[in-house]
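Undergrad: Letter by letter, the chains look like this.
There are 2 protein chains.
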Amino acid sequence: MESMMIWMPIIMASLGLIYMVFKKAWVMKQDAGDGKMKEISDHIYEGALAFLNAEYRLLAIFVIIVSVLLAIVSFIVPTTHWLIVVAFIFGAVFSAYAGNIGMKIATKTNVRTTQAARTSLPNALKISFDGGTVMGLGVAGLAVLGLTAFFIFFFHFFMGGSWTNTMDMTIVLETLAGFSLGAESIALFARVGGGIYTKAADVGADLVGKVEAGIPEDDPRNPATIADNVGDNVGDVAGMGADLFGSYVATVLAAMVLGNYVIKDMGGSISDAFGGIGPILLPMAIAGAGIIISIIGTMLVKIKSNDAKESQVMGALNKGNWTSIALVAISCYGLVTWMLPETMNMEFFGEGLQEISSMRVFYATLVGLIVGAVISSVTEYYTGLGKSPILKIVQQSSTGAGTNIIAGLATGMISTFPSVLLFAGAIWASYAFAGFYGVALAASAMMATTAMQLAIDAFGPIADNAGGIAEMSEQEPIVRERTDILDSVGNTTAATGKGFAIASAALTSLALFAAYVTFTGIDGINIFKAPVLAMLFVGGMVPVVFSALAMNAVGKAAMEMVQEVRRQFKDIPGIMEGTGKPEYDKCVAISTEASLKEMMLPGLLTIGFPLIIAFVPMIFGMNNMAIAEMLGGYMAGVTVSGVLWAIFQNNAGGAWDNAKKSFEAGVEINGEMTYKGSDAHKAAVTGDTVGDPFKDTSGPSMNILIKLTCLIGLVIAPILGGHSTTDSHASEKIKKEVNLTVKSDDLAKAVITTTYTENGFEKTKKEIIEGSLEEVENKIENMKGKGIHGEKHFKLDSSKGETQKMVILHKPKNKS
Amino acid sequence: MESMMIWMPIIMASLGLIYMVFKKAWVMKQDAGDGKMKEISDHIYEGALAFLNAEYRLLAIFVIIVSVLLAIVSFIVPTTHWLIVVAFIFGAVFSAYAGNIGMKIATKTNVRTTQAARTSLPNALKISFDGGTVMGLGVAGLAVLGLTAFFIFFFHFFMGGSWTNTMDMTIVLETLAGFSLGAESIALFARVGGGIYTKAADVGADLVGKVEAGIPEDDPRNPATIADNVGDNVGDVAGMGADLFGSYVATVLAAMVLGNYVIKDMGGSISDAFGGIGPILLPMAIAGAGIIISIIGTMLVKIKSNDAKESQVMGALNKGNWTSIALVAISCYGLVTWMLPETMNMEFFGEGLQEISSMRVFYATLVGLIVGAVISSVTEYYTGLGKSPILKIVQQSSTGAGTNIIAGLATGMISTFPSVLLFAGAIWASYAFAGFYGVALAASAMMATTAMQLAIDAFGPIADNAGGIAEMSEQEPIVRERTDILDSVGNTTAATGKGFAIASAALTSLALFAAYVTFTGIDGINIFKAPVLAMLFVGGMVPVVFSALAMNAVGKAAMEMVQEVRRQFKDIPGIMEGTGKPEYDKCVAISTEASLKEMMLPGLLTIGFPLIIAFVPMIFGMNNMAIAEMLGGYMAGVTVSGVLWAIFQNNAGGAWDNAKKSFEAGVEINGEMTYKGSDAHKAAVTGDTVGDPFKDTSGPSMNILIKLTCLIGLVIAPILGGHSTTDSHASEKIKKEVNLTVKSDDLAKAVITTTYTENGFEKTKKEIIEGSLEEVENKIENMKGKGIHGEKHFKLDSSKGETQKMVILHKPKNKS
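Heads up: the protein sequence lines correspond to chains A and B, in order. Counting from 76, one number per residue, gives the positions in the first sequence under the working numbering. Counting from 76, one number per residue, gives the positions in the second sequence under the working numbering.
These are calculated hints, taken from the structure and not from any lab test. Mixed in with the good hints, there may be bad ones.
Intra- or inter-copy, both count: the list cannot distinguish identical chains.
[Said to hold, decoys possible] Computed list of lysine-lysine pairs in BS3-like fashion (alpha-carbon distance at most 30 Å, straight line):
1) LYS757 - LYS285
2) LYS631 - LYS757
3) LYS736 - LYS394
4) LYS462 - LYS377
5) LYS462 - LYS111
6) LYS379 - LYS113
7) LYS631 - LYS736
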């Protein structure tokens with residue numbers, strides 16, 4: 076019997092999308108202002124559309140090429156099914172569509188926020204945050220809808236809609252990986268291309284406009300000003316949306332793969348009220364519940380007083396955020412205890428099978444929620460205005476740009492200390508609670524509030540744009556004051572949002588990494604093998620080179636923009652007097668084309684390296700398992716180094732930015748108040764120039780690099796592994812031989828040798844259990860329970876001081 | 076019978092030291108000039124002595140504390156012998172003494188070089204290079220002498236001077252690791268403390284002297300000027316010397332450990348003309364030969380023409396360098412083929428025992444020599460004057476300090492690409508040739524020319540100092556011109572020397588890492604175990620935080636110096652008029668104390684983390700093997716990340732430095748010649764300020780961090796492993812069961828299950844061999860050969876299409 080529970084996530088996602096449609100209609104109904112406001116807003120909207128259209132053209136080519144390659148592979152390699160191509164295309168289309176919704180609503184909400192700010196602050200918050208909510212629900216809703224729908228489809232297609240064995244489920248999930256790969260490919264374009272776009276436009280507008288022509292920021296006479304405003308949306312809205320869409324899908328997918336592995340460890344099948352796939356459905360159910368919880372959270376974000384300050388606005392956001400995190404914790408408790416068997420068997424490498432209660436899985440989800448919350452505080456500490464690291468950078472600005480930059484670099488570098496200890500602790504704890512399934516579920520729980528996180532995140536650039544529109548259309552000062560309050564809160568949420576995005580990318584990659592190992596069927600990744608170690612080095616290098624390429628790309632794209640703006644200033648008569656109209660669209664086109672062109676090389680690096688590592692040694696006849704291990708080493712290298720460089724670059728960039736901003740309100744340096752225009756401020760501006768590509772281009776790109784690397788690995792895995800997750804437990808006879816040596820009551824050791832046949836070859840697996848006699852005996856007893864049906868040949872006699880042997884023969888439950 | 080060959084390295088080292096003593100006497104006999112020259116030189120000499128004495132006081136405390144800790148451990152842990160304490164103390168003393176020789180000769184040679192430059196350039200080169208030669212031979216001679224003497228002593232103490240079994244040899248080598256640990260501890264003080272010293276003095280002298288008081292560089296009125304000149308010797312001479320001393324000793328040690336492992340893989344004993352320890356003696360023999368070869372190399376470094384330019388001087392150095400590399404290659408061929416058995420058995424993880432010919436070991440040494448040469452070219456490309464990366468940074472300086480810094484960072488980051496691919500290729504190739512023994516011998520061959528490398532390296536700062544003395548003592552311009560030629564060549568050799576130091580640190584760490592695995596007896600380091608993966612993350616983070624702490628330390632130490640210089644300018648009457656004498660010694664004292672104080676925190680981080688990882692889980696009762704694997708993951712993380720950050724920081728720093736220097740001769744930017752004093756030059760100076768701590772403090776410190784981490788791991792290893800390298804092959808009966816499945820002539824698979832008893836527990840090891848029938852059969856035949864004496868129970872019949880079984884019982888040769 077197939078449980079109805081499989082439909083739950085789709086229903087939740089649909090509810091989220093319906094709610095989004097209503098919200099969107101409501102936002103669009105709001106007053107969009109008039110005259111100049113509308114004109115500017117329309118320019119930004121059109122510029123955003125221009126970027127999207129150019130991106131889609133390039134994307135279409137990319138998707139076609141990859142689809143053809145995937146199709147060829149699926150016809151050559153028997154373990155890969157052609158439906159992965161369909162999943163890939165849909166993954167790309169869904170992610171692109173989610174980005175489209177986000178960009179459109181953001182560029183429509185900005186002017187409405189400005190208009191609302193003319194009457195009241197609570198209204199301005201409501202509209203800007205509702206715009207963010209539409210974005211958040213669009214991303215989360217489409218992610219869960221797409222993933223779940225394809226899962227159900229493949230579940231019926233490959234398994235007839237009911238449990239057969241873990242090998243068939245592996246094929247379902249391998250094919251589903253195409254959806255995730257499609258989504259993450261879009262993220263590459265949106266996050267990396269978008270990151271280059273936003274900084275190229277920014278630098279180009281500033282260098283010629285502010286520096287050479289001496290006109291203020293956001294001045295409509297500057298041909299690049301629209302591109303600059305579009306850039307905020309391209310980078311911060313569409314880029315972040317695609318990033319989290321990718322993380323969301325990949326996390327849930329990885330958790331499902333590991334859920335299947337749990338079932339395998341339990342003997343190849345379980346019986347529960349969910350068609351025997353409870354552990355696989357659980358991550359989707361948590362994601363589905365997260366959507367409804369996020370809606371509840373967004374409803375709590377409101378302020379009443381028109382005289383509210385930043386702290387009240389921040390308080391309203393925090394209330395919504397913390398409530399949704401608490402609700403996710405509660406729903407995790409309910410779902411985990413309801414959907415999972417009370418106790419499960421999980422294989423721990425080197426420790427053998429262990430009995431894991433469902434409560435321990437719940438604790439793992441708590442670990443994920445805590446990491447999501449703490450990483451935001453860590454980021455906030457290292458980049459927040461008025462915090463000690465920022466004050467130190469401000470002090471160091473007094474001795475020049477050199478010392479400012481050293482201080483900023485050092486801050487970013489030191490910030491890796493608590494962040495990495497947090498991640499390492501999270502990996503350890505969630506694994507200790509419930510193995511890699513626990514790690515993946517920790518990530519799933521953290522990602523459950525994605526819609527809420529994105530709403531908080533997207534509201535920032537909307538408020539920023541609203542402020543720009545207020546400035547350009549010369550509104551009353553009170554309007555700008557109100558949007559400034561929102562913008563200031565938005566800056567804080569942008570920093571914490573980046574922390575959340577890194578954490579999600581890190582945990583997602585780990586989950587994918589674990590899923591990879593199970594797909595390939597390797598015993599683990601042993602870095603004492605030199606080729607694996609060599610690949611760990613190569614993987615570690617790639618994020619560093621990727622970052623450099625992304626930074627150089629910004630420089631090149633900005634130079635093209637500079638030349639175009641110079642040309643317009645020279646060629647268009649009356650442009651400086653305001654009588655000649657600048658050709659905004661040309662600047663938008665240049666930024667668009669340059670950004671998409673310049674992302675090719677880093678993109679190629681990301682995609683090319685894993686393919687080379689997998690296929691070049693294959694051509695030379697290397698053993699597939701050895702290749703799989705090398706590729707795993709590469710993935711680990713990219714992940715470790717990528718996480719470090721993401722934290723370093725994001726936090727250094729954020730710190731420089733706020734060190735510079737500190738001068739706006741004035742700072743005390745060596746007992747003297749120092750303001751904008753001072754030498755120290757100029758040094759801080761130089762620091763910010765360095766920090767800009769760090770925090771908006773290369774830093775956030777790391778998320779995509781590490782996730783995409785692990786996903787490509789996952790898609791290659793079946794080619795290398797040839798379905799070595801073959802459900803040998805379920806299909807063939809197994810012999811377990813236990814050699815128990817009792818030295819004393821406190822010291823016993825059992826060597827368990829499992830012999831089974833796989834692909835016609837007899838294989839042996841060895842586990843060693845050490846500990847007190849009681850512990851060891853309990854573990855041996857457990858091996859005989861749940862899912863594995865054994866018969867003893869020799870009874871163990873714990874009093875004897877010498878090695879004894881016991882043989883357990885397993886007759887699987889579902890002999891096919 | 077004990078071979079005389081064991082004495083060869085000691086004889087070679089002694090010859091090297093005797094040659095050094097003569098060279099030193101010759102240099103000291105040269106004319107040291109008079110008057111002001113002598114006075115300045117004496118100040119520098121006394122400053123250097125002051126630093127050394129302060130360092131020795133701190134070192135003494137450190138050595139006592141560590142000795143007590145080691146002694147306690149050696150009494151508590153039965154697998155550790157108290158003689159490790161003696162080895163540790165001697166390692167520290169030898170390294171410190173080598174540094175002492177180097178510092179003294181460098182500070183005595185500088186003024187003699189100035190004096191020689193008054194008469195001729197060939198003489199100036201001869202004296203400065205001879206000073207470098209004394210340094211190089213002192214380091215290499217003492218390293219080989221100390222290590223070999225202790226090896227012979229322990230070989231007699233633990234084994235009675237003749238082969239017993241690999242377990243006893245493991246104890247010898249574990250105890251010998253104390254010598255290496257002592258040497259590397261000194262390197263921590265010399266390299267990290269020295270790096271902080273040199274930059275603190277430099278920045279302090281410049282900030283108050285050049286910027287605030289407006290007096291030129293090297294002006295004797297500046298109280299910090301002597302400290303600044305001392306700093307060059309402390310950082311570039313003593314720091315580099317201690318660094319390479321540590322690498323040299325550690326590399327040879329690691330190769331010896333892996334040599335012992337080869338003997339173990341060959342059944343626990345071999346018979347050769349070297350007392351059965353040929354593979355263990357070989358690395359020492361190569362090191363010994365390297366000393367004599369280096370002497371020959373240094374003899375070739377001379378020029379004849381007084382009108383020679385940089386290229387001729389460089390050519391003379393290259394001639395000596397390339398000749399010594401070629402001679403090492405030849406001597407490796409001779410020693411390898413002479414000292415190793417013609418074919419050896421080596422265990423390759425996951426591939427089982429393989430037969431390795433001694434020629435393949437020779438190829439591995441060639442890999443090391445190639446890496447040493449190529450890495451220098453790579454470094455030279457990314458940091459060399461007139462090369463494309465530098466020209467790009469120069470161009471980017473025209474748009475300000477921000478773009479200059481982005482360009483410099485990007486250059487350093489991109490330079491990791493060829494460097495890491497080179498290292499990865501070297502690991503792969505040397506491992507493919509001869510396993511981890513091959514990796515360690517590649518490192519040994521590369522390090523064989525250490526004396527020559529150091530001579531080339533130390534000559535640079537001597538020439539630099541000679542130029543400073545010429546300037547301060549107001550010599551004829553021709554003198555400065557001649558020293559400038561030497562200085563300019565010295566700058567290039569400094570960059571390539573840093574490349575060599577990184578390469579040596581990287582290969583040394585890999586060799587130590589491999590030795591660690593054999594000491595602990597773990598099966599490998601599986602990063603699919605979450606605690607291991609978590610430690611890989613933590614390890615990756617440590618170099619980043621270490622670098623930040625080192626950078627901050629420079630800032631703090633420089634601030635103390637600034638205050639002292641300001642005080643002297645205010646308090647000493649007539650100081651600016653040249654009538655009052657500045658208190659140079661106070662500045663030297665401040666730089667000394669501040670640098671040693673500020674290196675505590677990064678030092679603690681380096682030593683503390685591995686101890687915490689090893690002992691905290693032990694207190695909580697974690698399994699030792701699991702801890703060993705975690706610590707291995709940590710070591711790998713530190714190594715991979717440390718190598719990356721070393722390359723990044725060294726090359727970025729070097730690139731900024733030369734971008735700045737490019738302005739001295741003038742550069743073309745956008746069609747215009749631009750010189751010193753331009754805005755672009757000022758931007759380049761800012762870049763150089765950031766680069767200074769990168770290339771002189773945090774970058775080079777990475778070498779010490781990664782080596783010391785791996786060495787601490789190696790010293791902890793026996794505590795964790797409890798001598799699990801127990802020579803089971805030699806002492807107990809082994810059963811090998813071979814299951815051969817022949818699918819076709821092209822596809823056969825053998826599963827070899829080895830059962831043996833270790834520490835009273837029966838253990839099983841499984842190897843899988845796949846390939847053509849012929850290959851598989853050959854491998855099975857090999858298992859029965861060399862060192863392992865087997866008897867077949869079933870004959871294999873290759874025509875059968877089904878699984879067959881064969882059992883081999885091994886009767887070891889040296890049954891004890």
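Undergrad: Indicate, hint by hint, whether the structure satisfies it.
TA: Verification of the hints:
1. Taking CA atoms no more than 30 Å apart as the test, LYS757 paired with LYS285 passes in both settings, with 14 Å inside one copy and 22 Å between copies.
2. In this assembly of identical chains, LYS631 and LYS757 lie within 30 Å of each other by CA distance both inside one copy and across copies; the values are 24 Å within and 23 Å between.
3. Taking CA atoms no more than 30 Å apart as the test, LYS736 paired with LYS394 passes inside one copy only; the shortest distance there is 27 Å, against 56 Å between copies.
4. Taking identical chains as interchangeable, the C-alpha atoms of LYS462 and LYS377 lie at most 30 Å apart only when both belong to the same chain, with a minimum of 27 Å there against 59 Å between chains.
5. Taking the shortest alpha-carbon separations for LYS462 and LYS111, neither the intra-copy value of 39 Å nor the inter-copy value of 52 Å comes in at or below 30 Å.
6. In this assembly of identical chains, LYS379 and LYS113 lie within 30 Å of each other by CA distance solely inside one copy; the values are 28 Å within and 81 Å between copies.
7. In this assembly of identical chains, the alpha carbons of LYS631 and LYS736 lie at most 30 Å apart whether taken from the same copy (27 Å) or from different copies (25 Å).
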